[in-house]
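Got chain R; can you put chains A and G on it based on the hints?
Chains as they are written, first to last, in the numbering used here: chain R, 1 to 640; chain A, 1 to 223; chain G, 1 to 250.
None of these hints come from the bench; they were simulated from the model. Heads up, some of the hints might be wrong.
[Stated by the list, open to error] Some, not all, of what chain A presents toward chain G, calculated at C-beta under 7 Å:
hint : residue
1    : S10
2    : I12
3    : S100
4    : S103
All C-beta atoms, glycine included, are put in the ideal place defined by N, C-alpha and C.
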Amino acid sequence: MKLDSKIPEGPLAEKWTKHKFNVKLVNPANKRKYDIIVVGSGLAGASAAASFGELGYNVKCFCFQDSPRRAHSIAAQGGINAAKNYQNDGDSVFRLFYDTIKGGDYRGREGNTYRLAEVSVNIIDQCVAQGVPFAREYGGLLANRSFGGAQVSRTFYAKGQTGQQLLLGAYSALSRQIDSGKVKMYNRTEMLDLVMVDGQARGIVTRNLITGEIESHSAHAVVLATGGYGNVFFLSTNAMGSNCTAAWRAHKKGALFSNPCYTQIHPTCIPVSGDHQSKLTLMSESLRNDGRVWVPKKGIKGLTAKAATEIPEEERDYYLERIYPAFGNLVPRDVASRNAKNVCDEGRGVGSTGLAVFLDFSDAIKRDGKDVVKGKYGNLFDMYKQITGDDPYEAPMMIYPAVHYTMGGLWVDYNLMTTVPGAYAIGEANFSDHGANRLGASALMQGLADGYFIIPYTIGNYLASMPYDKVSTDHEAFKTAEKEVKERLDKLLSINGTKTPDQFHKELGLIMWEYCGMSRNEKGLTLAKEKIKALKKEFWSNVKLVGGNDELNMSLEKANRVADFIELGELMIDDALDRRESCGGHFREESQTEEGEAKRMDDEYAYVAAWAFQGENQEEILHKEELIFENVKLTQRSYK
Amino acid sequence: MSWFTKAMSSNIGKKLIMAFTGLFLILFLVGHVSGNTLLFGTDGGLAFNAYAKFMTTNPAVKILSYITYISILVHVVYSIIVTRTNKTARPVGYEVNAGSTNSSWASRNMGVLGTILLIFLVVHMKGFWYEMHWGEIGTDINGNKDLYGVVAKAYAEWWYVLLYVVSMGFLAFHLSHGFSSAFQTLGLNHKKYTPIIKGVSLGFSILVPAIFAAIPIYMFINS
Amino acid sequence: MNITLKVWRQKNAQDKGGFKTYPVANVSPDMSFLEMFDVLNEQLLAKGEDPVHFDHDCREGICGMCSMYINGKPHGPKDAVTTCQLHMRSFKDGDSITVEPWRAKAFPVVKDLVTDRSAFDRIIQSGGYISINTGGVPDANEIPIPKKIADQAMDAATCIGCGACVAACKNASAMLFVSAKVSQLAMLPQGQVERKTRAERMVAQMDEEGFGACTNTGACSAECPKEISLENIARLNREFYGAKLKSENV
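Chain R with its partners taken away, still in its complex shape (with noise of 0.2 Å):
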């Protein structure tokens, strides 16, 4: 299969400009006899959705959780990037694409990446309209603060809670098209496939989960903007309903996976501290501005943080600042997570798990006063403390790198329709902008331009080559995959098992953890894919569920998304083999340099892995997607 992107053609700074030109419109008074299928509530999901009904396009939108509001973005706390340079400290459109190109370590598309920079811009205008309250400075205009993998201030926050600020700003859009009656929303309702109508994504398949009913929806387009898969570890700072279902039904209808080996381990979370432990809580990377990370030079064993107060400076080494002084303690998530893995397998992890390390604020406290620290990051010190039972004002807060992102997802062209006509993917779903590493304040970036800026432009270049036609919901196609979809549900419901869907998940994540996490190797992802393959096989024929169909049943929707996991944690396994280089999230220990840094093979991997699902335990075939850079030059990032 050839793979086209289909970047426009034509200088870097022109092609979005111009490509708006080029895409077919769909007449004002037409766009009523369209109706669009919006799967998901996030940030790209409801602000695509808002914006399709703003149009005059019928939209239907779905979320599996009881409102629309609870949608995952809602909990990024730091920020929001975007090239607005009100600093006047250098940025521009320029930098910040080249900023998320290198943080990106060189595997994202420089089309896709050029025009996520220049929609930025729009982005903050739409939301502060929107009645955002993002932070000012006294004389009312924005304030920005730094990230990660930038040397300029660009990122516009709402104290730490600009997800859940940006998120309620899409779904008071969306909130209101609900009521213009444009927009008609399924809270409660889980996708569980897309149905194919003369090689065309014509409509999906739902479960109501509250009375379990199975029902199909006919549309012309369908978008799926329903997150990432970072629940495979099972541990991970995805909330707990997160999910790859939509997605991955969407593959096996033919759409291909991109990049599933490419995730992102987030240096800043707060450690696990048992078995009973079910997700993982982020602390913004924005305590990484004012927070310094620091082990003993020498092991302590079981160090907690109230000892760790008396820690004479000669004996801290503060690794990040020691290894990259340019950078410190601001260098991208990947490599920050690494050091961080690094200085533990040494021994000098500090916490009773002896997997943590130090994030320490006295100096900032010293140098601003309490106050100020307060007035930055206040929230995450309460949130630390309620959860830790430590005070960070008084002693570091320990820290810990937790799978958080993942920049891999549906394989979209430069329209971001996958390889299914008519179905799109947006926002984390897809893989397109961030390349082998986001960096910090980008998703939010991501899923707001792609539902606000891109996609009801291009969505209108695919419509208008439509018939206004509707499929019935009674199409034979319809009944096959709701047929299917029973069938499956069926089956689950029937094995009867001993262990429950979270004893398989809590498995899985084990072996994903273990073998495909932070770093990765021939041996240990081999070994894996078997111990994956004999992991599925356990699942079809021991799991136990509880209860029927056709009520709210948490252990049904449990079990239906862990199998789904456990087939695309297989593929991850399958993409971190096939790529024996390092770059970004993605880390073979068979690939680095003498120092120890993350070595890229241009030459061979400057490609988009894309899988394409060849039927039930079938090993899924490669296809590539070149990657051409015209504008950057590739180099291996030092952030030293």
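Okay, now just chains A and G, sitting in the frame of chain R:
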């Protein structure tokens, strides 16, 4: 429905009526308590009787007294309406409820307190107000109806005094929430002024019932 | 730690429901309250019993989905936290804990501890937004907003829509929730255009959903995990009176 009745029949509108009538009754209490201090006099009630006559005959006061009757009535009727709405808003209650950890006892029991005060009001009005208007009472040396005599007689009974003192306790609790709450309902909440309102509210809810309660005690002791 | 849970079980909206008691052994003080329920549910599932259904998602205290009434208080005994951020170190070994769903006519029980809070969505749909379309907006810095105002708007906007205010209020009133959104938008210059209509419509929708009237007990704010201030309710009252007096909606 006109925009006005619509506004007033909303939950906020109903509360506004409660606040206005409540505040008017607070004003009434100010007048009432200042007049009643005449009962502390040593003139055998002559000044008090003159005051009572003025209060029952002056046309301006008459108008005010009708507004007071209406306020009481409306305050009671609306409290019943609001309470009923609020009861239906939670058809199934909690097995365990720790209300005392998040709100004052008075604020959660305004309906009960109000009901008790209403009963007290009936007894009170029967005892004095009714007697003054339609009862058979003698006159003092100035030719005014001798309400003082009625009061003195009533407050010679220990149980009557007790009833008054206890009722004033309930009034204190009712006011302790109602006074400042009315300002909140009116939308008056301000970093500078709310603490003052709360202070005045507390002072008022202690002082006024205390003076009211002191009168029967004083007269009982002197009887 | 060993804990005894007394939990409301209700099969579906029609079922009458009742309490069931479950002992949970070996509870770690570092567990969150919901992780303790995970442990209980794994035990129930292993025995073939239906697990206790409860709403939860982000488990970081921000999505607003978790919603348990614990020992007589929404989100449990600690101030300013959601149920997911409540940890077992806030309890003692041997404690007996009663867990109930939010109780309000406008929040009907769906199953066990899960309630339907879509009434909140409908209130926002009735006006909790600024009616602008995507694109065509002025540059963000063309609207200067005093820091103090922006901060106050943020304090109101921090509401997570969990419904603890309704659950705590003896009248099941939604005034704190509604006032937070009305306040946020009334304070900001962007919200001025629709200020009156917004207050009128949102209050009307709130009443229609069957929430009770505010009697200023202050329980809502005291139990709010985001500590939304009662000043917002006063502001909503002002906004409503002003709107009713000045708007041209007859």
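Now the hints, each set against the structure:
no.: 1; hint: S10; verdict: holds, 6 Å
no.: 2; hint: I12; verdict: holds, 5 Å
no.: 3; hint: S100; verdict: violated, 9 Å
no.: 4; hint: S103; verdict: holds, 4 Å
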